[in-house]
Amino acid sequence: MNDKNLKKIFDYIQNDEYIVIKLDENTLGDHGKDVDIYCKNISIIGKKIMHIANSLLKTREYDQIKLIENKNEKHVYIDFYKNNNLNFRFDLFGKSPNFKNLTIKKEFFSDCLKNRIKKTIIKNTSTFNIFIPNENHDLLFRYIEYTENHAERPEKIKHLHYVSSMLTDKNKIFIFLSSISLYVLKKDTERKNTLYIKNCIFSIKRILKKLLRI
Amino acid sequence: MNNKEETRYDYFLIWGNGLHHKDGILDIIREEKSLKIIKIFEHKIKNMKKFVKEVYSHDYAPYQHLKDKTKYLLSTDPKVIFIFVKNKNKDEDYFGDNEYRHIESKTIRKLKEIIRNKYNEKKEEKRTENHVIHASDNENQTDYILKYLGHQEGIDLFEPYSDIISIKELQTTGVYVVKEIPMQNIYCSIISSDYPKKIKTITKIENSPHFKYVDGDKDSYIEYINKFQGTLLQDNHNPEVFDNLIKSFHYLDKDNSTGYILTKKLRDQKYIILDGLHRASILKHKNEKHIISAVLE
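For the protein sequence lines, the chains are A and B, in the order given. Letter by letter, the first sequence follows residues 1 to 214 in the numbering used here. Letter by letter, the second sequence follows residues 1 to 297 in the numbering used here.
Isolated chain B (complex conformation) (with noise of 0.2 Å):
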């Protein structure tokens, strides 16, 4: 379980009917700064009714009424994207009556409204309660969603492997060599232009659709991020947040020493990147010859 009191893990769940509105969420949630976003991924739904009563499984308000207030989705796209995020700002309090008095995070709930009076269907300039999305009132149902899509381990998922190095849930051996590494010696997987043929292409940094973003060609890294997000990207990456990393990024500074770009040694002195192309990219567009990396043993 998150052992930080001060802060949680909620989930939002944009429905069918609220997919083509995905980039002005991610935005709106982008925007609110207490929300940091973890995992966007898509999840394609077998069986609707199904899918529904587990999302509303913990839910408080009477089964009946969650019924009818979710018939709509039973004919929406049998595709949902899920958006994991560590909530800073729990700011929790109570809320409905009696037996369905539960606690909610504000900010979650605040952020689910100004989403639903932005995208959900009007009829006669009035918001109707076909919701686009769907949020967590508390951390044990992003516990549970998560189990629920295969992860076993909850929301552990999102709790860093490691104490010292800044990776992602990375399951490792817990051994890394950090040591300076030849950028010309670095390589990364990107997705294959013949994908789905081919999954991945293994090439140099320069050939990534990252490299070239920073070096100002832009539309292939947004043509890249569209058309993988949630798929095989499930990182919050977008332009906007490349942007900013570009502006205000400095390698292993005091505050981020352990923030190393993470390689494993592939044959021939070649490293392949696991973690931070993004980082590599503006390393190498820097012109560095030379990296630290963090090399899984």
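Bound-form chain A, shown alone (with noise of 0.2 Å):
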């Protein structure tokens, strides 16, 4: 997506509460990738988008906009598409992910949304802002981001790297493992299987007992 058009997209939600997350400015609407949106109101900023989009289609800069909805977790896909290839994708959250390794606190979101800071783009002839989330919360979408998806596609390895490169003082080390402990929660799933089998051994023991009595 070029400049122009992500200048247009952004300046109109530009009185909206959103952040941009895990932003790559030098990546920023180049051909086949994606910019992941976190909302206050999904449905406010996924409306203006396709606002911008029904115009775009007017003027035959794309030729078909895909929307894909997942309502109950509050996900959209709007996928940009030119002679029938993705150009770029808008990846909109309207609530904390589910995620497999970890448990984030929902207030982790609200915060970021709360203390978020407006970044100035600068592409080409064009000049927009943008919010993003402070830099302690960043570093925490990263490692997030690693945590959840490394086992898997071991290229997410780069977002440790930020992280470590950007703690360069003890301060920001504090400050970082004190989010953690303070959103992130480990998910126990040993404990709940341990606690499953435990009562099962405990149900089936009554069941004997009971047919013992008989």
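Warning: the hint list may mix true and false statements.
As the list claims (entries may be wrong) - Distance condition first, Cα-Cα at most 20 Å in a straight line; then the derived PhoX-like pairs of lysine-lysine:
no.: 1; chain 1: A; residue 1: K58; chain 2: B; residue 2: K106
no.: 2; chain 1: A; residue 1: K22; chain 2: A; residue 2: K156
no.: 3; chain 1: A; residue 1: K48; chain 2: B; residue 2: K179
no.: 4; chain 1: A; residue 1: K47; chain 2: B; residue 2: K265
Keep in mind the hints are simulated off the structure, nothing from the lab. From a predicted model like this one, the values you see are computed outputs, not experimental measurements.
Assemble the dimeric complex from its two separately framed chains, guided by the hints.
So this is what it looks like as structure tokens:
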């Protein structure tokens, strides 16, 4: 997606509450790439993106927009297609996604929105503002991305490298680790399994006791 | 459940003794700006006694009182019309005394009284209590009656399926392709003139009663609506609503950027309208050559 169209979209949502997460400024808008946006109100942001999409369909800049929605998860992809090729994707989240390995407290996302910062993007001839998480929240997003996906996608190590490169002093490390303990809980599947087995044994014992009494 | 705290879903029920006032009752409800009619449907009753009991099963009045009060219904036409509405002005208050004290929406209560005053049978110029209409006191009653009618999702039936696209209670995969389609490739499905032998016919937009109405031939549309509303047509359509749409229609404007005409692809590059024939008829009449549509995948 070219800089002019990115500008149209981000200018149109400039008064709405959102953050672009794991922003890579260098590849923003590049062919085949996506941008992850966490929205306070996914409906408002989604409809505004589609408003711009309608005008881009009319001017034939794109030939179709694919909208893939999982309403229960409040997760929407808005895919811009040109000549039947996926050109650019907006990946919208309206609530905290379900993570496989981690449990993230829901306050994390509202705190990210509350403490978001404005970033000015200069791309070719266009200048526009977007909202991103503050530095510490951004590192946490990348840490989550690494922890969730590195087993299947080894290239996600880049997020860990980025996090370690940014933790340049003791104070930053302290804040980052405090945030992990504040927002991130490890899913205790092992404990759950043990409890489940204990419960099963307890139930079997009770049934056996009853049977023996009879 | 309806999560928007300022709104709730309610229903009106026209009893058999009020069916011949259906149009007048609908007009009164339509005039109340804080209510939006969502669905209108007819229900044939197999066992009136049982049905009355179901309708009043969540009522607050004592059972014996209800039994006496609803006696007249046992001899009415075993057919009713449900009108489900989104109530944008709940304006709730307490009514009744002691153990029968309960919350009602003043908007619904007021309208119910207006309708009863106008259409209840009169004796010696006084309104009888043989009511032509019943209405819900709260949203739980609406939820219950929908489930009783076979809609297990209750009031969730009325919640939009999509957060982004304005479509009505359609069970879909949630994948839509938004693109421009040549108008000449768009077809519609209307109730067949051979009904009930054949239920639906696929035809060009210009053959629909909807297009003919926009084109000035109003009678065929009025006849179509009158014949099938409440049975095969359950949305809030009538000539007045259509006239207002024609007057103020701006397809996909800023305030309704995702109010797409919803279509599905058939063979040979043809598309059939799933939702939006009224809007498509207006666009066709304006001689639009292409329209942006959300195509259901």
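Now the hints, each set against the structure:
{"no.": "1", "hint": "A:K58 / B:K106", "in the structure": "47 Å, violated"}
{"no.": "2", "hint": "A:K22 / A:K156", "in the structure": "12 Å, holds"}
{"no.": "3", "hint": "A:K48 / B:K179", "in the structure": "17 Å, holds"}
{"no.": "4", "hint": "A:K47 / B:K265", "in the structure": "24 Å, violated"}
Hints 1 and 4 from the list above are not met by this structure, while the remaining hints are.
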